[in-house]
Amino acid sequence: MFDTHALIAILIMAGVTAGTRFLPFLLFPRGRNKPRLILYLSQVLPTAVIGMLVIYVLKDVTFSSISGFLPELIAIAVVIALHAWKKQPLISIGGGTVCYMLLVQQVF
Amino acid sequence: MTAWKQAALDTLPVFAAYLILGMGFGVMMSREGFSIWLTILMSIVCFAGSLQYVAVPLLAAGASHATFFFMTLLVNARHIFYGLSVLERYEGSGLKKPYLIFGLTDETYSLVCRQPYVKGEQRTGYYFAVTLLNHLYWIAGSALGGILGNTLRFNSRGIEFSLTALFVVIFVDQWQNTKRHLPALIGLGMTLISRVLFGRPHFLVIAMVLILIALLLLESIRPEYRLDVNILANVEADQEDDRV
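Sequence lines, in order, name chains Z and D.
Position 50, counted from 1, in the first sequence is what our numbering calls 50; the numbers after and before it change by one each time, with no gaps.
Position 42, counted from 1, in the second sequence is what our numbering calls 42; the numbers after and before it change by one each time, with no gaps.
Do not rely on the hints blindly, as some may be mistaken.
Stated by the list, open to error - Only pairs whose alpha carbons sit at most 27 Å apart, straight line, appear in this in silico DSS-like list of lysine-lysine: (1) Z:Lys86 to D:Lys5; (2) Z:Lys34 to D:Lys96; (3) Z:Lys34 to D:Lys119; (4) D:Lys179 to Z:Lys86; (5) Z:Lys87 to D:Lys96; (6) Z:Lys34 to D:Lys97; (7) D:Lys179 to D:Lys96; (8) D:Lys97 to D:Lys119; (9) Z:Lys87 to D:Lys179; (10) D:Lys96 to D:Lys5; (11) D:Lys119 to D:Lys179.
Claimed, not checked - Residues from chain D that face chain Z, not an exhaustive set, calculated with beta carbons under 8 Å: (12) Val56; (13) Leu59; (14) Gly62; (15) His79; (16) Ser85.
Since the hints were derived computationally from the structure, they do not count as laboratory data.
Note that CB positions come from ideal geometry on N, CA and C, so glycine has one too.
Isolated chain D (complex conformation):
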């Protein structure tokens, strides 16, 4: 199967979710009286679903630019994790690399990470197709929402669950592919704990800190989770090559 065919198939659930969620965003923007061009522009340059939703009432209220700066940092800090975990995969992706990084949303990240990774293997074409398709779905959804505005009648309530289902499926796949379940449980558990203890606005940032601490502890107390020696051997071999 070609990279594009595979990507089109894999992104189908994202297509459904982004089209509807994008429309939701577009409708909200048009109800606040914003020009459709502003809606489309935001979906092109930000391409960050939850941020765009949070931003609409703030835009309407004319909040200060500093507010937008800090809110974006808070809502999107999780992207730092994504970058850290695809550093190796995206190496050698050449001119496409900046776009791959620019478009690293929750959903793109999860599809990229679902692919088994072999060091040195190039899947740039597939990553690029996934990123671009997702971006286009998102833009199309928000444009459609902006145009249709209040006239929308289709009862799509609950369709956003396709994102939850996508993440659950990836979680199950990853679970079945390894015997070492502690990192998955740490992610689940730490986020749950901080959601319960700290409430909705800030729990994600706190969860990220807790996850980092827990993963670092894990490395020092459970040797089987330490860096895979094979990966390390490859990296060191590469560095040998660089010297030559």
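So here's chain Z without its partners, still in its complex pose:
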């Protein structure tokens, strides 16, 4: 099925998505004197946003049952422990993911 209504909807989503990504660059073009506030934000936002993303990807966690949060909790602990120990992102991410997959598929 190739439907025109869906095609237009997809183009609208593409346009709005690009809009959210381009907006800051349109507001503060290259070379233009950027307000102090924006420079301050560009300094502190990256760390704040990664904190936001960590919670964002965990948005489906629930505390109504043990299987709703324990696999995530254990796997995140594994990621942090591996990362503190080896300092190799691929080992931490791969190890944590395999651990999580085993937990949700075999244990919980």
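Chain D: place on chain Z using the hints.
Chain D only, in chain Z's frame:
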């Protein structure tokens, strides 16, 4: 190491996640009866994972175009933060700049921000490689999902955790690289508070507002968090140069 080699290595976790998540999207689209070309087109022009997932049932239900407009704004408003924090990094990236901005997903953003930034340094080649590779993984995943449709048997349940793990690793790295932890805690805390108080549909937009307010308060009550004078000095020096 060349920019492409480094990018290929750094994007490995994104490769795993995008391939599987992209396949999930492709399978959903094909189960709703959409043409594979529509699936591929959407992954090329939108390149926004969570939006594409949310959109499938709405597309199937033939929701109004206004619905898509507002839903996209809501789901993707967080991108405004990304742009604001890479304004300086992406300056001077020339012809590649529009594509870098177009492809600024959560994962691309997080890899770009993980690189230590020195003012005036050009890492355009690396940023471009990361953006393009991630885009290709996403397109390949959704095409594969669209083709395989219902025939898929591999039990990949839980592999989406690689994204969580990626963000946790970046969070830990950033934490260890600074003594000033309040911005990271603000991001974590404000999002957690609004998820608990406001529920899933709208918490992210509210969290963004809370984060902004908290960061602005932080600047006015804790002087050590104010704009780094060295960065400011460089900016002012640049503006001097512009005048000459």
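The hints, checked one at a time:
no.: 1; hint: Z:Lys86 to D:Lys5; in the structure: holds, 21 Å
no.: 2; hint: Z:Lys34 to D:Lys96; in the structure: holds, 22 Å
no.: 3; hint: Z:Lys34 to D:Lys119; in the structure: holds, 15 Å
no.: 4; hint: D:Lys179 to Z:Lys86; in the structure: holds, 21 Å
no.: 5; hint: Z:Lys87 to D:Lys96; in the structure: violated, 32 Å
no.: 6; hint: Z:Lys34 to D:Lys97; in the structure: holds, 18 Å
no.: 7; hint: D:Lys179 to D:Lys96; in the structure: violated, 34 Å
no.: 8; hint: D:Lys97 to D:Lys119; in the structure: holds, 17 Å
no.: 9; hint: Z:Lys87 to D:Lys179; in the structure: holds, 19 Å
no.: 10; hint: D:Lys96 to D:Lys5; in the structure: holds, 19 Å
no.: 11; hint: D:Lys119 to D:Lys179; in the structure: holds, 21 Å
no.: 12; hint: Val56; in the structure: violated, 10 Å
no.: 13; hint: Leu59; in the structure: holds, 5 Å
no.: 14; hint: Gly62; in the structure: holds, 6 Å
no.: 15; hint: His79; in the structure: holds, 4 Å
no.: 16; hint: Ser85; in the structure: holds, 4 Å
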